[in-house]
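Asks: First to last, the sequence lines map onto chains A and B. Under the working numbering, think of the first position of the first sequence as 1, with each following residue one higher. Under the working numbering, think of the first position of the second sequence as 1, with each following residue one higher.
What the hints contain is simulated information worked out from the structure, not anything from laboratory work. Among the clues, some could well be false.
One copy or two, it doesn't matter: identical chains are merged, so the pair holds either way.
Said to hold, decoys possible - Here are the simulated BS3-like cross-link-like pairs (lysine-lysine), alpha carbons at most 27 angstroms apart as the crow flies: (1) Lys326 x Lys388; (2) Lys287 x Lys388; (3) Lys326 x Lys287; (4) Lys121 x Lys228; (5) Lys101 x Lys326; (6) Lys246 x Lys326; (7) Lys287 x Lys228; (8) Lys74 x Lys388.
2 protein chains.
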Amino acid sequence: MSETKNSERPQAAPAEPALDISRRKLLGTVGAVGAAGLALGAAGGAGAYAAVQPPDDTTPLTSVGATEVMFHGKHQAGITTPLQSTGHLIAFDLAPGAGRKEAAALMRRWSATAESLMAGKPAGGGDTGVALDAGPSSLSITFGFGHSFFDRTRLTDRRPGQLDPLPDFSSDQLDPRRSGGDLWVQIGADDALVAFHALRAIQRDAGAAAGVRWQMNGFNRTPGATGKPMTARNLMGQIDGTGNPKPSDADFEQRIFVPDGGQPDWMAGGSYAVVRRIRMLLDSWEKLAQPEQEKVIGRKKSNGAPLSGGDENTEMRLDQFGPDGKLVIPQNAHARIAAPEQNGGAAMLRRAFSFHDGIAADGSPDAGLLFVCWQADPIRGFVPVQRKLDRGDALSPFLRHEASGLFAVPGGPRAGEYVGQRLLES
Amino acid sequence: MSETKNSERPQAAPAEPALDISRRKLLGTVGAVGAAGLALGAAGGAGAYAAVQPPDDTTPLTSVGATEVMFHGKHQAGITTPLQSTGHLIAFDLAPGAGRKEAAALMRRWSATAESLMAGKPAGGGDTGVALDAGPSSLSITFGFGHSFFDRTRLTDRRPGQLDPLPDFSSDQLDPRRSGGDLWVQIGADDALVAFHALRAIQRDAGAAAGVRWQMNGFNRTPGATGKPMTARNLMGQIDGTGNPKPSDADFEQRIFVPDGGQPDWMAGGSYAVVRRIRMLLDSWEKLAQPEQEKVIGRKKSNGAPLSGGDENTEMRLDQFGPDGKLVIPQNAHARIAAPEQNGGAAMLRRAFSFHDGIAADGSPDAGLLFVCWQADPIRGFVPVQRKLDRGDALSPFLRHEASGLFAVPGGPRAGEYVGQRLLES
């Protein structure tokens with residue numbers, strides 16, 4: 001998994017699922033190191049920003065700003081990295097005439113930019129300055145390839161079968177202009193200006209090689225807003241992410257990542273991302289009283305505990321009946337249908353951002369979930385769960401899947417390598 | 001000015017202009033108090049959220065979540081309150097048939113909701129739960145009345161002359177559908193879910209009395225992303241807010257707020273907000289090399305220092321010539337034209353959010369500044385500065401004013417009072 005370094009981060013990992021991030025605690029307690037600029041410089045971090053601080057400034061960056069996510073590693077960053085407060089998803093199509101050569105050059109530029117920005121350094125070749133003053137702020141930049149990328153680059157013989165189009169779901173109302181794409185980039189950071197800065201740098205790097213197909217903005221809780229790290233809450237007010245596989249699970253790696261020796265070989269250490277823009281029909285949802293909402297979900301709103309009792313991490317008692325003779329967790333409750341034990345074990349890691357794009361033409365909130373889930377194989381991860389939800393989920397009437405993407409996200413780059421090099425140069 | 005309470009907040013106030021917020025430090029150092037739930041409960045704070053924490057949970061909220069902005073006071077919150085990381089601006093028009101009575105009832109509902117949410121408590125009558133787990137997170141909710149409000153409520157004899165329409169500026173390209181409005185609400189918080197939660201509660205309270213006219217989302221830096229509190233930076237990468245009047249200035253109150261005994265009487269302690277959606281033409285701006293950008297602004301990008309030398313707070317030497325015989329701060333530099341000393345002293349407090357609504361139909365970023373400025377009189381604050389900028393500002397070619405609003409924001413409510421009561425019930 002991706003590694004982070006520098007100082008403690010209060011909101012680092014959701015309590016459950018515990019993302020067991022190892023950290024090099026270079027700063028230890030905030031304030032223990034006199035000149036953060038120097039300390040970060042020594043760590044290859046935000047040294048480039050020292051210039052904006054007067055020489056006598058000994059205020060260290062707090063953990064929010066100082067946390068750095070590693071660019072190099074077995075896996076790309078932004079998969080097991082703790083959820084950040086700001087996210088941008090952006091898809092590009094290669095320009096007419098651009099092929100494998102241009103794609104390789106673009107991936108090389110993007111990788112150099114990602115490595116620099118994630119270390120808290122400026123982008124090469126004219127930085128916009130928007131991230132000046134801030135530390136890396138847990139910035140992660142993640143790159144993926146869509147189905148059409150392999151046609152455009154004449155690499156169809158190396159296209160993974162896992163990129164075969166997702167099946168149609170009856171409740172889909174997908175907008176093709178906001179779906180798919182040759183290339184996909186996920187940006188996350190705990191500071192909105194750091195994230196925007198990265199987004200602009202990635203767009204500029206695209207140059208004449210690729211144009212934006214669609215772009216979406218999302219958010220999560222700010223580090224420190226809750227007293228203890230919590231599983232994320234979505235805009236329906238529901239805890240969202242309970243039961244996610246944990247890196248400490250014996251089968252975590254095999255469920256989420258393509259193994260060494262897996263097929264295709266260039267995807268070793270990689271993962272597949274399913275991206276869905278899921279509009280929440282909040283005007284309808286908020287008309288339901290809380291007990292009704294809880295029956296739709298099958299869990300308590302306050303703490304995510306199953307209606308059958310316990311706390312968020314207690315196993316659901318799916319066969320429990322109430323005094324009224326009805327199932328306590330209704331037959332069509334979202335949590336029952338999506339439960340890992342009902343789907344051959346959890347085979348995807350959900351890592352979503354909320355979105356809110358203001359008010360739609362019909363007066364309803366254009367808000368919901370930028371659902372992103374990660375798996376070694378979408379046919380064993382997203383597809384079976386969504387197929388079941390599509391048939392009988394009590395939550396479905398309150399959701400609308402408006403856009404969809406499926407991307408092959410290669411393994412993390414080794415030092416000196418760019419993302420996707422094993423595909424594009426072998 | 002508005003007061004905040006609870007624990008320390010690392011990012012509390014920009015270093016310059018220093019907003020001299022007094023705080024009751026109830027928690028002192030984070031961690032010094034065993035059970036934050038209890039401590040906050042005792043303070044009338046986030047006690048209602050104790051239910052979601054197991055009884056043995058002694059993790060205190062961090063300063064980001066625990067900071068509470070006071071609803072009651074001489075002035076409304078959200079004016080001298082330190083900038084929050086998330087902002088929502090929303091304007092409403094009274095419904096056909098709704099008048100003074102309905103407006104008074106709405107202001108009463110809104111005030112009750114604002115008081116409760118700003119204290120970290122749920123909204124009455126069915127809370128959506130979106131803010132569960134989080135503390136108040138510096139939430140502020142601010143209410144204002146537009147010019148048309150006084151016609152709708154038949155209170156034209158009490159309408160302040162300060163609400164007379166702003167003059168036309170030659171560079172304006174205003175969209176009337178996103179401008180004006182009978183009622184205006186500004187929401188700010190250091191957590192995006194807390195802010196969204198407040199937005200939905202305010203919308204629900206509007207009920208049949210008022211409908212949304214327009215709504216905009218903005219953001220600023222996350223508390224802790226920088227090593228020390230900094231003046232805000234905008235999406236052009238420029239430090240934005242230098243030279244703002246400071247509460248410690250002798251004439252701060254008289255420049256920003258309507259005095260006791262001022263006219264109209266119901267505006268005592270109030271202020272006027274000018275709101276502009278200023279699109280930044282970033283594709284053009286980013287093509288300029290940094291030295292050219294700095295000549296447009298008249299300040300260094302890195303630290304906001306005038307090109308004539310010093311640091312951010314050094315006075316500009318407007319008559320300094322360079323070795324090339326030209327003015328170091330060019331004649332049309334933004335900072336020169338907007339300089340307080342060029343405009344009879346700074347008479348407005350700028351307090352903006354950045355916005356980024358994705359990519360526009362023409363492929364350019366739909367991003368820029370939700371400019372909000374506060375003053376005792378727009379004719380002495382915003383208008384003269386904007387008139388000068390409109391004529392000769394080197395920055396103008398990179399900006400587009402797309403929407404505009406002007407609102408009378410009454411003084412803060414006393415205990416038991418609702419915002420605007422002195423207008424609506426006397």
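Asks: The structure should be examined with respect to each hint, and the outcome stated for every one.
Replies: Do the hints match the structure? See the list:
1. Lys326 x Lys388: Classified as within; 22 angstroms inside a copy, 72 angstroms across copies.
2. Lys287 x Lys388: within (26 angstroms within a copy, 50 angstroms between copies)
3. Lys326 x Lys287: Classified as within; 24 angstroms inside a copy, 65 angstroms across copies.
4. Lys121 x Lys228: between (30 angstroms within a copy, 18 angstroms between copies)
5. Lys101 x Lys326: Classified as neither; 62 angstroms inside a copy, 47 angstroms across copies.
6. Lys246 x Lys326: Neither. Shortest intra-copy (33 angstroms) and inter-copy (63 angstroms) distances fail the 27 angstroms Cα cut-off.
7. Lys287 x Lys228: neither (30 angstroms within a copy, 44 angstroms between copies)
8. Lys74 x Lys388: For Lys74 and Lys388, the Cα distance exceeds 27 angstroms both inside one copy (33 angstroms) and across copies (57 angstroms).
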